[in-house]
Each structure stands twice: as C-alpha cells, then as structure tokens.
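The lines below spell out each chain.
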Amino acid sequence: MAKDKVQVATGCLAGCSGCHMSFLDNDEFIIDLLDDVDILASHMIVDTKEIPEVDVGIVEGSIANEENVRLVREIRERSDIMVAWGDCACLGGIMTMRNFLEIDDVLEEVYRERGDRESEVPSPDQVPRMLDKVGPVDEYVDVDVFLPGCPPSADLIRYGLEELLAGRIPKLHGEQLQYN
Amino acid sequence: MTEITLEVNGREITADDGDTILEACENAGIEIPTLCHHSTLSDVGACRMCSVEIEGSGFETACTTPAQDGLVVKTDTEELREHRRRILELICAEENHYCMYCDMDGDCELQDLFKEYDLDHVRIPFSYRSFPVDAVSDHLIIDHNRCILCGRCIRVCEEVVSNDTLDFGGRGQDTKVVADLNQPIGESTCISCGACQQVCPTGTILSKHSVYKGNTRECESQETTCLNCSIGCETEVFTRSNNLVQIQGTETEGASGGQLCEKGRYRPLMEDRERVLSPSSNGDGQREELELEEALGRARDMLKNAGSINAFASSRLPTELLQGFERTLKDMGATLDVVGAAEDRAENAALEQSGLDESLFADSVADLLSSDSVLAYDSTMVETHPVLSAYLRKASKGPGSLSVVDCGENCFDRYSTSYLELSSPEEELTATLVEAVEKGATEAADLDEKLSGLSVNAEEAANAIGELLEEDETYVVIGQEVANSEDLKSIFKLASLTDSKVVNLTSVSNRGALQLDHGELEESPELAYLLASDDQELEQMISVAESADQVIVQAARMSELTALADLVLPSPAWFEMEGTFQDLEGGSKVVQAPLESKLSFPSALDLIEGLASGTITQTQKAG
Numbered sequence: 001m002a003k004d005k006v007q008v009a010t011g012c013l014a015g016c017s018g019c020h021m022s023f024l025d026n027d028e029f030i031i032d033l034l035d036d037v038d039i040l041a042s043h044m045i046v047d048t049k050e051i052p053e054v055d056v057g058i059v060e061g062s063i064a065n066e067e068n069v070r071l072v073r074e075i076r077e078r079s080d081i082m083v084a085w086g087d088c089a090c091l092g093g094i095m096t097m098r099n100f101l102e103i104d105d106v107l108e109e110v111y112r113e114r115g116d117r118e119s120e121v122p123s124p125d126q127v128p129r130m131l132d133k134v135g136p137v138d139e140y141v142d143v144d145v146f147l148p149g150c151p152p153s154a155d156l157i158r159y160g161l162e163e164l165l166a167g168r169i170p171k172l173h174g175e176q177l178q179y180n
Numbered sequence: 181m182t183e184i185t186l187e188v189n190g191r192e193i194t195a196d197d198g199d200t201i202l203e204a205c206e207n208a209g210i211e212i213p214t215l216c217h218h219s220t221l222s223d224v225g226a227c228r229m230c231s232v233e234i235e236g237s238g239f240e241t242a243c244t245t246p247a248q249d250g251l252v253v254k255t256d257t258e259e260l261r262e263h264r265r266r267i268l269e270l271i272c273a274e275e276n277h278y279c280m281y282c283d284m285d286g287d288c289e290l291q292d293l294f295k296e297y298d299l300d301h302v303r304i305p306f307s308y309r310s311f312p313v314d315a316v317s318d319h320l321i322i323d324h325n326r327c328i329l330c331g332r333c334i335r336v337c338e339e340v341v342s343n344d345t346l347d348f349g350g351r352g353q354d355t356k357v358v359a360d361l362n363q364p365i366g367e368s369t370c371i372s373c374g375a376c377q378q379v380c381p382t383g384t385i386l387s388k389h390s391v392y393k394g395n396t397r398e399c400e401s402q403e404t405t406c407l408n409c410s411i412g413c414e415t416e417v418f419t420r421s422n423n424l425v426q427i428q429g430t431e432t433e434g435a436s437g438g439q440l441c442e443k444g445r446y447r448p449l450m451e452d453r454e455r456v457l458s459p460s461s462n463g464d465g466q467r468e469e470l471e472l473e474e475a476l477g478r479a480r481d482m483l484k485n486a487g488s489i490n491a492f493a494s495s496r497l498p499t500e501l502l503q504g505f506e507r508t509l510k511d512m513g514a515t516l517d518v519v520g521a522a523e524d525r526a527e528n529a530a531l532e533q534s535g536l537d538e539s540l541f542a543d544s545v546a547d548l549l550s551s552d553s554v555l556a557y558d559s560t561m562v563e564t565h566p567v568l569s570a571y572l573r574k575a576s577k578g579p580g581s582l583s584v585v586d587c588g589e590n591c592f593d594r595y596s597t598s599y600l601e602l603s604s605p606e607e608e609l610t611a612t613l614v615e616a617v618e619k620g621a622t623e624a625a626d627l628d629e630k631l632s633g634l635s636v637n638a639e640e641a642a643n644a645i646g647e648l649l650e651e652d653e654t655y656v657v658i659g660q661e662v663a664n665s666e667d668l669k670s671i672f673k674l675a676s677l678t679d680s681k682v683v684n685l686t687s688v689s690n691r692g693a694l695q696l697d698h699g700e701l702e703e704s705p706e707l708a709y710l711l712a713s714d715d716q717e718l719e720q721m722i723s724v725a726e727s728a729d730q731v732i733v734q735a736a737r738m739s740e741l742t743a744l745a746d747l748v749l750p751s752p753a754w755f756e757m758e759g760t761f762q763d764l765e766g767g768s769k770v771v772q773a774p775l776e777s778k779l780s781f782p783s784a785l786d787l788i789e790g791l792a793s794g795t796i797t798q799t800q801k802a803g
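Protein chains in written order, with the working numbering: chain A, 1 to 180; chain B, 181 to 803.
Calculated directly from the structure, the hints in this document are not laboratory data.
Treat the hints with care, since some could be wrong.
Unchecked claim - Keeping only pairs whose Cα atoms sit at most 27 angstroms apart, straight-line, the calculated BS3-like set for lysine-lysine is:
(1) A:K171 / B:K295
(2) A:K171 / A:K5
(3) B:K484 / B:K510
(4) B:K356 / B:K769
(5) B:K630 / B:K619
(6) A:K5 / A:K49
(7) B:K356 / A:K133
(8) B:K388 / A:K171
(9) B:K388 / B:K778
Given the structure is predicted, the values throughout are model-derived calculations rather than measurements.
Based on the sequences and whatever the hints tell you, model everything.
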C-alpha cells in the first residue's frame with residue numbers, strides 16, 4: 001500500500017446504498033481512481049469492518065438509530081475530511097417520513113401487522129434502538145462536503161472526488177444541486 | 181412621469197418616479213430574486229427574498245420600497261446572499277420541502293432558489309411538523325406541508341378573480357391558507373378557476389388533472405384561444421407525448437390578469453367521453469363501424485336525397501371550419517344555423533325595433549373593470565362567462581356598485597348592492613322601470629306603487645336605477661338566459677335612457693359564426709346535420725336532432741347527441757384544430773392546435789368538403 005495515496009473510508013447509515021451504487025456507476029473511472037486512492041473500508045466494496053484512520057470519510061444515509069450515531073462519530077473522528085453523500089445524509093431525506101409518525105406505531109405495523117403470526121417487535125438487544133427523530137448527519141457531526149441528490153448522479157460523485165483529489169473542497173452550485 | 185436616477189451595484193440607472201426598487205431594477209435588467217412577488221399581484225414583502233442593501237438605511241425589500249432619486253442600492257453582496265440563504269433554510273426547515281416526493285420537482289420556484297443559493301444542507305433543526313392536506317375538491321389538492329405562506333394564492337383570489345375565498349387563518353407558526361372559515365376548498369365559495377394553482381410557486385396547490393403527468397418545463401407548449409365562451413381567453417396548453425398535461429392563462433398583463441375558468445382550465449383535462457375515431461352507423465340500436473369512404477358516400481346520399489336539411493353547428497369552433505360547413509351544406513340546399521345565433525337575431529330585432537344602434541354596446545368588456553355602476557340581468561353569467569363575471573365583482577369592490585336582476589338565486593350575492601328579485605322571468609320589471617325613468621319618478625316611494633304587482637323590492641329597484649342615472653360609467657350586462665327580443669327591447673331602452681352601455685352575453689362563443697348566412701331552421705326536416713366537435717353543452721343541438729327524421733352528427737366524442745345519430749362522423753377535437761376566433765369585442769384571435777390529430781384525415785374541413793365530392797385524402801395516423 002503506497003502511503004502517498006489518499007485513504008478513504010465509506011459508511012452506510014440509514015440509507016439504501018443507492019449513493020454507493022451511484023459511485024459504482026462510475027465504471028472504469030473507479031480503476032483510474034484506484035491509482036490515487038485506497039478504499040480502506042466500504043460496506044459494499046471492501047471486507048474490512050473496522051474504520052481505520054483515513055484522509056476522507058464518506059457517509060450516505062441519515063441518522064435513524066443508535067448504531068448510525070456510533071458509526072458516524074467513529075468515521076468523523078478518524079477522517080480529516082467528512083463527506084455527506086445524498087439527500088438523506090445532507091437533508092434527512094426519505095427516512096424522515098417516519099418523523100411524522102409515532103415510533104411505536106411504526107414498529108408495531110412493520111413487525112407485527114405486516115408480519116406473520118410468529119413475528120414480534122425486535123428488542124434493542126437484537127437491533128439498534130431507534131431514535132425519536134431521523135435527521136441529517138450534520139445534526140451529529142461536522143460535515144465538510146455536502147453532495148445532495150437521491151441519489152447524487154455518478155458524475156456528481158466523480159466531481160466531488162476529483163475536486164478533493166485536486167486539493168479543493170467541492171461546493172455545489174445551481175443545476176449541480178438536484179434534490180431527486 | 182418624472183424620471184429619477186439611482187445607483188444600483190455601482191451602475192447608474194433611471195426609473196420612473198413611483199416605481200419600486202424591484203421594478204426599476206427589472207427594467208434595467210438587474211435581477212433580484214423574488215418568491216412572494218408576482219407581476220399581476222400587489223406586493224407585500226412577505227418572503228424577504230428581494231431584500232437589497234440601501235446605503236444609509238440597511239436592508240429593505242425591493243418589491244415594496246419605492247425607488248428614489250439618488251438612492252444607492254446594492255442587490256448582490258455576500259451579506260445579502262447569506263441573508264437570502266438563511267431565509268431559504270428557514271423555509272426548508274419549517275415545512276416539508278423534500279423534492280423527491282413532490283409533483284412540482286423541476287417546476288418549482290422555491291427549488292430554483294434553493295439551487296441558486298447553494299442549499300446543500302440546512303444549518304437549523306428541521307421542525308417535522310405535520311400540516312393537513314386538503315384533497316376533497318374535484319380539481320385541487322392543497323398540501324399545506326409545502327406552503328411557504330407567500331400569499332400569492334390569496335392575492336390572486338382577491339385581486340384578480342375577486343372571489344375572496346382564500347385568506348390566512350391561524351396565528352404564528354400555525355398560520356395556514358384557509359378557504360372561507362377554514363372549510364375544505366371543495367366545500368367553500370371557491371369557483372375552481374385555478375388561478376391560485378397557476379401562481380403557487382411551490383407544490384402546495386396542485387391540479388388533480390395534471391399531477392404526475394410531467395412538469396411544464398419538460399412539456400411542449402402552444403398558445404391558443406379558449407373556445408368555451410365569447411371572452412376567448414388566451415391560454416397556453418402544455419402537452420407531452422400528444423397528451424394534454426396542463427392549461428394556463430397567458431394574459432397576465434391584460435385585463436383578465438391571466439385568469440381562466442373551470443371550463444377553460446380543467447374541463448378539457450377531465451374529458452372522459454369515448455373518442456369518435458371512425459365513422460359508424462346506427463342500425464337497430466347497434467353501432468356499426470364504417471370505412472371513411474363508405475361513410476362519406478352514405479352521408480352524401482343522405483344529404484342528396486333529403487327533401488329538407490337543417491345544418492346546425494356549435495359556435496365553439498374556428499371560423500374557417502364554420503365557413504367550410506356553410507359553403508358545403510348551403511350548396512346541398514340546407515338551412516343553416518349556429519348555436520346561439522337565434523339570440524343574436526333577437527338582439528338585432530330588439531335593437532332595430534327600439535330605434536337604437538350598435539353604439540349602445542360597450543366597446544370593450546375590460547371597461548367593466550372601471551365601471552361606476554352595473555345592472556346585471558341574469559346572474560348565471562358566473563357560470564356561462566366566469567371571467568367577465570370576475571370583472572363585475574372586481575368593479576363592485578371598488579367605488580362601483582353592482583345591481584342584479586334575477587329570479588331565484590343571485591349568484592353575485594356577496595357583491596351586489598341591490599337585488600331585484602323576480603318571482604318569474606316573465607315579470608315585466610324592465611318595462612315598468614323604463615316608464616318610471618321616462619316620467620322621472622324613480623324614488624322608492626314612486627316605484628313602490630308601480631311595482632305593486634311584482635315581487636321586486638321598490639327600495640332595491642330605486643337604488644339600482646339611481647346608480648345608473650347618477651353615475652358616469654354605467655353598464656347593463658345581460659346574461660344569456662334573457663334572449664327574448666321583447667325583454668331585450670325594454671332593457672336596451674332602459675340602458676339608453678340611463679346613458680348606460682350594454683354588454684349582451686349570448687350562447688354564441690366564436691362570433692365569427694355570426695357572419696355566416698344563418699337563420700331559423702326548418703321545424704321538422706328530413707335530415708339534420710350537426711357539427712359538434714368537443715362541445716359539451718349539447719341541449720340546443722339535441723333538440724334540433726330530435727326534430728329531424730334522419731340525423732348525421734359530426735363530433736369528437738360520443739354523447740347523448742351521437743346516440744341520436746343515424747350516422748356518426750369523426751371530428752378533430754378542439755385542441756387539434758386551427759383557425760381564427762372572434763371574441764365578444766369583435767377582436768380576432770388565433771386558434772392553434774397543441775395536439776396532433778388522432779384521425780386518419782387531414783382536418784374537419786377536409787371531411788366536410790369531402791361530403792360534396794364523396795372523396796377524401798387519407799393520412800396515416802396511429803389511432
């Protein structure tokens with residue numbers, strides 16, 4: 001592992017992995033990217049579960065449960081630059097639809113009413129405890145780069161990475177901002 | 181007007197004294213972002229997006245601050261950008277502005293500003309408050325979760341349509357737009373004109389007929405003229421894949437302020453009658469589809485063999501088509517009439533018999549907006565001519581007054597100053613009023629005796645007549661239910677005696693139809709040929725069809741009328757026809773075809789001309 005490469009870790013919070021799919025949509029650019037970048041942790045790309053110290057930490061998804069809080073803080077602590085991919089991470093996104101409902105009602109409906117006779121609402125020792133309200137990442141940690149979009153296009157994700165590699169903090173403007 | 185000079189962004193610009201800073205900058209080509217401002221409406225400075233920096237006095241809203249000589253203004257500083265972005269963040273955090281679940285995504289003025297002001301995240305907590313969605317109306321959905329309280333809908337309802345249905349209700353962060361006393365919009369005094377939907381800058385007020393059919397910026401669009409009534413409103417029709425998506429009013433700078441009515445804006449999108457795509461005959465109650473050539477041959481034989489023919493056309497058609505209809509059918513010996521032309525003949529007879537001339541009529545319906553007093557006969561004009569009715573409401577809210585003569589419901593109830601209520605349309609009110617005016621006995625006490633046998637309140641009548649006599653700009657507007665030449669004669673006389681101009685509304689839509697050689701139809705002809713296209717108001721045509729032994733109907737849709745036809749011929753639909761339209765004032769307007777014809781022949785005119793020759797050029801069309 002050449003030390004002069006930019007080290008990156010990515011994480012998926014309460015999201016659909018769509019932003020990571022959009023990253024993978026960059027096809028052969030990823031091969032070129034690997035000349036300059038080491039992806040040290042990424043849930044769909046590398047097996048490592050540990051988040052190492054990196055130059056750039058990237059997250060997609062909103063903060064919906066205690067595990068999301070833990071992971072986003074860990075990535076923040078171990079990254080110099082924090083990037084938020086997608087509407088969920090930047091603005092809360094589609095997950096926030098749950099904020100208009102009572103959490104117990106949601107759990108009851110999803111796990112019992114829609115489940116079979118054996119289903120039950122999982123306890124917090126089985127799955128991470130859900131937070132009262134879902135919110136964007138910057139409600140918990142400082143974010144340096146925001147790339148909204150649902151998902152951000154492959155081109156936009158590439159633009160963000162290329163700007164960082166060129167030593168600039170990308171800042172979207174006008175039609176680069178898409179909220180769908 | 182005095183010219184003033186001010187400095188904007190270091191550049192000297194001139195403006196008219198009385199312009200706002202926003203107007204002065206717009207005229208000089210300097211852009212200032214706006215949200216609650218709309219060119220047809222008054223300015224209230226609600227959203228603060230147009231804030232500019234004025235040397236010596238800080239931030240002011242450009243839309244409400246008058247431009248003054250010598251002002252030094254900055255419109256685009258870092259501080260202003262930050263201020264505007266803060267406003268957008270507050271808006272974004274307060275309600276639900278996630279574009280991905282909104283129909284207006286890509287068509288939204290708020291989203292445009294989010295992009296312009298780099299809104300990639302929001303620095304304050306989201307409120308996640310839930311507001312109601314009102315979706316019980318036939319036409320509108322109001323999603324209060326997307327409302328930024330700019331008040332455009334309220335102002336257009338009050339200032340342009342003058343229906344005063346919408347207003348703010350509640351206080352502070354519970355403020356929302358309400359209809360009447362917080363009724364659902366579908367159960368309120370709303371007349372479904374859709375003006376609020378057209379001016380809404382976000383996805384709050386949506387049309388049920390257009391939602392999720394595609395945003396207008398991605399549609400093709402074509403300006404044309406509405407064929408529904410003689411006002412002939414100019415519209416922009418948005419289409420996608422040869423389907424209607426949305427209809428908007430375009431005369432935002434004109435008298436109507438770009439308003440349309442429910443019939444013009446929504447009905448064409450609600451059309452659910454089966455389309456007539458091929459000819460058919462009716463044998464023993466069974467519809468039998470026919471080839472075009474064969475149908476044309478049959479129609480030609482029917483027309484040739486008939487001893488007497490009534491040719492009757494809708495007036496909601498372009499003039500050129502009506503002229504072709506006249507040429508062909510007259511050549512074949514038909515008696516020709518057009519829907520509503522009989523009312524026009526009654527008008528002419530009344531005018532002639534009362535020794536008056538065309539100068540009795542108002543030059544422009546827009547003048548009604550500045551009328552001092554209007555006497556309206558038959559208030560159903562709110563249904564038949566909604567945009568003109570808005571002019572009457574608007575004038576009545578200013579210094580002008582509105583009196584109504586009707587039997588039954590007064591549709592101008594909230595706006596009329598006097599209501600002369602008849603117990604039946606036959607009551608001879610006007611003749612009595614004419615007599616009173618001629619004798620100079622128009623006080624309530626005088627009228628009390630004269631009106632003794634009538635249901636009309638003498639005081640209300642005295643008020644109405646008093647207004648007409650005393651005020652300068654006075655009008656008598658006659659609805660289409662008053663169509664008898666005797667009644668018209670009295671009304672014309674009253675107008676002339678009180679020096680009032682007349683606007684006589686009839687069921688004629690395109691007045692180009694009145695140039696045809698029309699006249700009274702035969703009572704029971706052997707054949708009736710009816711040209712209807714998309715017309716939905718078919719009563720007059722149905723009664724003509726019922727009077728004939730044999731019936732040919734040329735229409736775009738199956739209806740009660742085509743059910744009476746022995747032979748049904750296809751017609752292009754309204755939005756597939758081109759030509760000209762003459763409005764109530766005699767002005768010529770262009771009718772364009774936003775949609776490509778779904779029929780296998782070039783135009784309605786070709787089919788009608790084919791009746792004479794028995795042949796027609798066919799084109800390849802996917803059905």
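K171 of chain A paired with K5 of chain A [C-alpha distance capped at 27 angstroms]: holds, 23 angstroms
Distance restraint between K388 of chain B and K778 of chain B, which requires alpha-carbon spacing of 27 angstroms or less: Holds, because 25 angstroms separates the two Cα atoms, which is no more than 27 angstroms.
Hint consistency between K356 of chain B and K769 of chain B [alpha-carbon to alpha-carbon, up to 27 angstroms]: With Cα atoms ~40 angstroms apart, K356 of chain B and K769 of chain B exceed 27 angstroms; violated.
Distance restraint between K388 of chain B and K171 of chain A, which requires alpha-carbon spacing of 27 angstroms or less: violated, 38 angstroms
Given pair status - K619 of chain B, K630 of chain B, alpha carbons within 27 angstroms: holds, 12 angstroms
Hint consistency between K484 of chain B and K510 of chain B [alpha-carbon to alpha-carbon, up to 27 angstroms]: The given pair, whose Cα atoms are some 12 angstroms apart, holds under the 27 angstroms limit.
Satisfaction of hint between K133 of chain A and K356 of chain B, Cα-Cα up to 27 angstroms: holds, 24 angstroms
Straight-line alpha-carbon gap K5 of chain A to K49 of chain A, limit 27 angstroms: Roughly 21 angstroms between the alpha carbons, so the hint for K5 of chain A and K49 of chain A holds.
Pair hint outcome, K171 of chain A versus K295 of chain B [Cα-Cα no greater than 27 angstroms]: holds, 12 angstroms
Hints 4 and 8 from the earlier list are contradicted by this structure; the remaining hints agree with it.
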